[in-house]
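Asks: Here are the chains, one letter per residue:
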Amino acid sequence: MRIMYVNNSGGGFADYVNINEGTNVEQFFKEKMPHSQPSDHLIRVNRQPVPRDYVLCENDRVTITPTKIDGALSI
Amino acid sequence: MENRKTIFKAADRVLYALSQLRRKRYLAALERLRSFIEQNGELGKEYRKLGLSLNRNWDSAAGSCCERICRLLNDISYATHNVKQVAEQPRKEIPKLSVIAGELGSLEDEFGNIKFDSNANTISVITEPISLDYISFGPFEIRLHIDKLSELYRDSPYYCIALAPNPAATDSGVTHPHVSGDKVCEGDGYDAIRAALEQGRLGDFFSLVRGILNTYNPDSPYVSLEEWEGIACYDCGYVSDRENMYFCPFCDHDVCDECSTYCRGCDESLCRGCAVECEICEEPFCQGCLTSCDKCGCVCCSGCMEDRLCLNCKEEQEQENKENENQQENQKQPDNKGQIKGQIETAQREQIRLTG
Numbered sequence: 083m084r085i086m087y088v089n090n091s092g093g094g095f096a097d098y099v100n101i102n103e104g105t106n107v108e109q110f111f112k113e114k115m116p117h118s119q120p121s122d123h124l125i126r127v128n129r130q131p132v133p134r135d136y137v138l139c140e141n142d143r144v145t146i147t148p149t150k151i152d153g154a155l156s157i
Numbered sequence: 524m525e526n527r528k529t530i531f532k533a534a535d536r537v538l539y540a541l542s543q544l545r546r547k548r549y550l551a552a553l554e555r556l557r558s559f560i561e562q563n564g565e566l567g568k569e570y571r572k573l574g575l576s577l578n579r580n581w582d583s584a585a586g587s588c589c590e591r592i593c594r595l596l597n598d599i600s601y602a603t604h605n606v607k608q609v610a611e612q613p614r615k616e617i618p619k620l621s622v623i624a625g626e627l628g629s630l631e632d633e634f635g636n637i638k639f640d641s642n643a644n645t646i647s648v649i650t651e652p653i654s655l656d657y658i659s660f661g662p663f664e665i666r667l668h669i670d671k672l673s674e675l676y677r678d679s680p681y682y683c684i685a686l687a688p689n690p691a692a693t694d695s696g697v698t699h700p701h702v703s704g705d706k707v708c709e710g711d712g713y714d715a716i717r718a719a720l721e722q723g724r725l726g727d728f729f730s731l732v733r734g735i736l737n738t739y740n741p742d743s744p745y746v747s748l749e750e751w752e753g754i755a756c757y758d759c760g761y762v763s764d765r766e767n768m769y770f771c772p773f774c775d776h777d778v779c780d781e782c783s784t785y786c787r788g789c790d791e792s793l794c795r796g797c798a799v800e801c802e803i804c805e806e807p808f809c810q811g812c813l814t815s816c817d818k819c820g821c822v823c824c825s826g827c828m829e830d831r832l833c834l835n836c837k838e839e840q841e842q843e844n845k846e847n848e849n850q851q852e853n854q855k856q857p858d859n860k861g862q863i864k865g866q867i868e869t870a871q872r873e874q875i876r877l878t879g
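From first to last, the protein sequence lines are chains A and B. Residues 83 to 157 in the working numbering are what the first sequence spells out, letter by letter. Residues 524 to 879 in the working numbering are what the second sequence spells out, letter by letter.
The set of hints was computed from the structure by calculation and includes no laboratory data. Idealized CB from N, CA, C, for every residue including glycine. Be aware that one or more of the hints could be misleading.
Think about it this way: if two alpha-carbon atoms lie no more than 20 Å apart in a straight line, the pair counts; the simulated EDC-like pairs of lysine to aspartate or glutamate are [said to hold, decoys possible]:
id, chain 1, residue 1, chain 2, residue 2
1, B, K638, B, D670
2, A, K150, B, E633
3, B, K568, B, E590
4, B, K619, A, D142
5, B, K818, B, E829
6, B, K671, B, E616
7, A, K150, B, D711
8, B, K615, A, D97
9, A, K150, B, D656
10, A, K150, B, D714
11, B, K638, B, D705
12, B, K568, B, D582
13, B, K607, B, E554
14, A, K112, A, D135
15, A, K150, B, D742
16, B, K818, B, E838
17, B, K572, B, E561
18, B, K619, A, D97
19, B, K818, B, E843
20, B, K706, A, D152
21, A, K150, B, E664
22, A, K150, B, E651
From the derived model, a few chain A residues whose C-beta atoms are all more than 10 Å from chain B [to be verified]:
id, residue
23, M83
24, Y98
25, F111
26, V137
Covered stretches of chain A, going by a simulated chain B footprint (3 or more residues, C-beta under 8 Å) [said to hold, decoys possible]:
id, segment
27, 88-97
28, 122-136
29, 145-152
Next up, chain A with everything else stripped away, as it sits in the complex (with noise of 0.2 Å):
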C-alpha cells in the first residue's frame, strides 16, 4: 500500500513509497533509517504522535524529523 514519506534529515525527502500491510510505525523507522534511533526525533503519523506500534494505513504520512541538528556559523 501507498503512503507519503517525509524525511526532513539532511536536504529532505518528501514523496509517496510502497510499504507493506500490518507495517506499523516502529518498523517502519527501522526499514528506512536503520543507523538512528527514534528517540532522537520527532515521528508523526498525520501531524500527530503516534504510539510505536501504530499500524500504517493507505495514504497516511508519515514525518521523521530530526530533534537535534547541528548549526554553524556562516563563513
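Use these hints to put chain B onto chain A, whose structure you have.
Replies: For chain B alone, coordinates are given in the frame of chain A:
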C-alpha cells in the same frame, strides 16, 4: 490561533507567498532567456559583417569578426547553461489551501500556542525554555514573515527572538550559540528548512528550527558555551572575549591587555607576573632569555652581558686590568736608573785610577 477563519486567512497568505516564489523562478528563467536571445542577435550581426568583409576582400576586418564571434560563442555557452539551470528545475507543486491550514492547525498541538499577526503578516510559535549543557537561554519566538517567503532563496524569511535573553557576555547580539541578531545559523538544517517551507510543511519548518536551538555544535558557534560568560583575566579579573586576551605559555593562564607584556629577547607574549626585569636595563624578559653574571650573580639579558659578566662587572674588570698594566709599567722604570748610575760610578772610579 483563535478560530478556523483565522487559520484559513493565514493559510491563504502563505499560499499566495508560495505561488509568488514559484513565479519568481519563472521570471528568472525569462530574464536569462532574454540575455541568451540578445547574444544570439549579436551573433547574427557578426555573421552579416563577416559576409560583407569577405565580399570586399577586407581580410583584416574578417579576422576581427572571427575574434568577436569566438567571444560571443563563449558567452552564449554560458548563457545556455544559465537558462537550463533554472528551466530544468523540477516543477514544484504548491500545496493546497486545506493542507496548509492543516499544518497551521497541527502547530497548536506541537507548540501549544501559535500567533498570527495579520498586520505584520507573520506566524509565530514560542518554544519551551532552551538549555544547552549548564546554560539556560530562555524561550525563543520563531517568527515567520510570510511576505519574505517569496524571497526564500535570497534571504531567510524568519527570525528567532529570545524572550528572556541570556546573551553572551562579550556580544549582546548573540542570544544562543547559533543565533546572532535574531538570525539562526542553520548549518545542517538549511536544505531541509527550505524544502519544508517551499512545500508548505510549516509544522516541519518550526520543528526543524527548534531542533537547531536544542543542539550545540561546538565546531562552529558564534560564541562557544565555554566562553559564554566571557573569559576573566587571571591577574585582574577583567572579563572580555578571547580575541582580547593573551595566553601566557609560562603559567598557562589568560590575561588581559593591561596585564600582559612581551619578552624583549624572543618576543614571546607573557603575563607581567611571569616576566622578569633585567637588572641592568630594567626591560621585561622571559626566564629563558636571562642569565646570571658569573661575578656578582645579578640576572640580566644577553644585551647587558659580555663574556659571562654583566656590564657593570665587565667595566670593573676592565678597570682592574688597566690598573694592573699601569703598575707593571711603573715597576720596570726604576731598574733602568740604577743600572745607569752604577755604570757612571764605575766609569768615575776607572778615571780616578788612571789619573791617580
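Asks: Run every hint past the structure and note whether it holds.
Replies: Quick rundown of the hints versus the structure:
1. B:K638 with B:D670: This hinted pair holds, its Cα atoms lying about 16 Å apart.
2. A:K150 with B:E633: holds (17 Å)
3. B:K568 with B:E590: holds (13 Å)
4. B:K619 with A:D142: holds (17 Å)
5. B:K818 with B:E829: holds (12 Å)
6. B:K671 with B:E616: holds (19 Å)
7. A:K150 with B:D711: holds (10 Å)
8. B:K615 with A:D97: holds (12 Å)
9. A:K150 with B:D656: holds (14 Å)
10. A:K150 with B:D714: holds (15 Å)
11. B:K638 with B:D705: holds (18 Å)
12. B:K568 with B:D582: Given pair K568 of chain B, D582 of chain B holds - Cα atoms ~17 Å apart, limit 20 Å.
13. B:K607 with B:E554: Measuring from Cα to Cα gives roughly 12 Å; hence the hint holds.
14. A:K112 with A:D135: holds (13 Å)
15. A:K150 with B:D742: holds (15 Å)
16. B:K818 with B:E838: holds (12 Å)
17. B:K572 with B:E561: holds (17 Å)
18. B:K619 with A:D97: Holds, at roughly 16 Å.
19. B:K818 with B:E843: Distance ~14 Å between K818 of chain B and E843 of chain B Cα, so the pair holds.
20. B:K706 with A:D152: Within the cut-off at roughly 15 Å; holds.
21. A:K150 with B:E664: The hint holds at about 18 Å.
22. A:K150 with B:E651: holds (15 Å)
23. M83: The claim stands: M83 of chain A keeps its Cβ more than 10 Å from every Cβ of chain B (closest is about 21 Å).
24. Y98: holds (13 Å)
25. F111: The claim holds: F111 of chain A sits with its nearest Cβ about 16 Å from chain B, beyond 10 Å.
26. V137: It holds; V137 of chain A is separated from chain B by about 21 Å at its closest Cβ, greater than 10 Å.
27. 88-97: holds (count 7)
28. 122-136: holds (count 4)
29. 145-152: holds (count 7)
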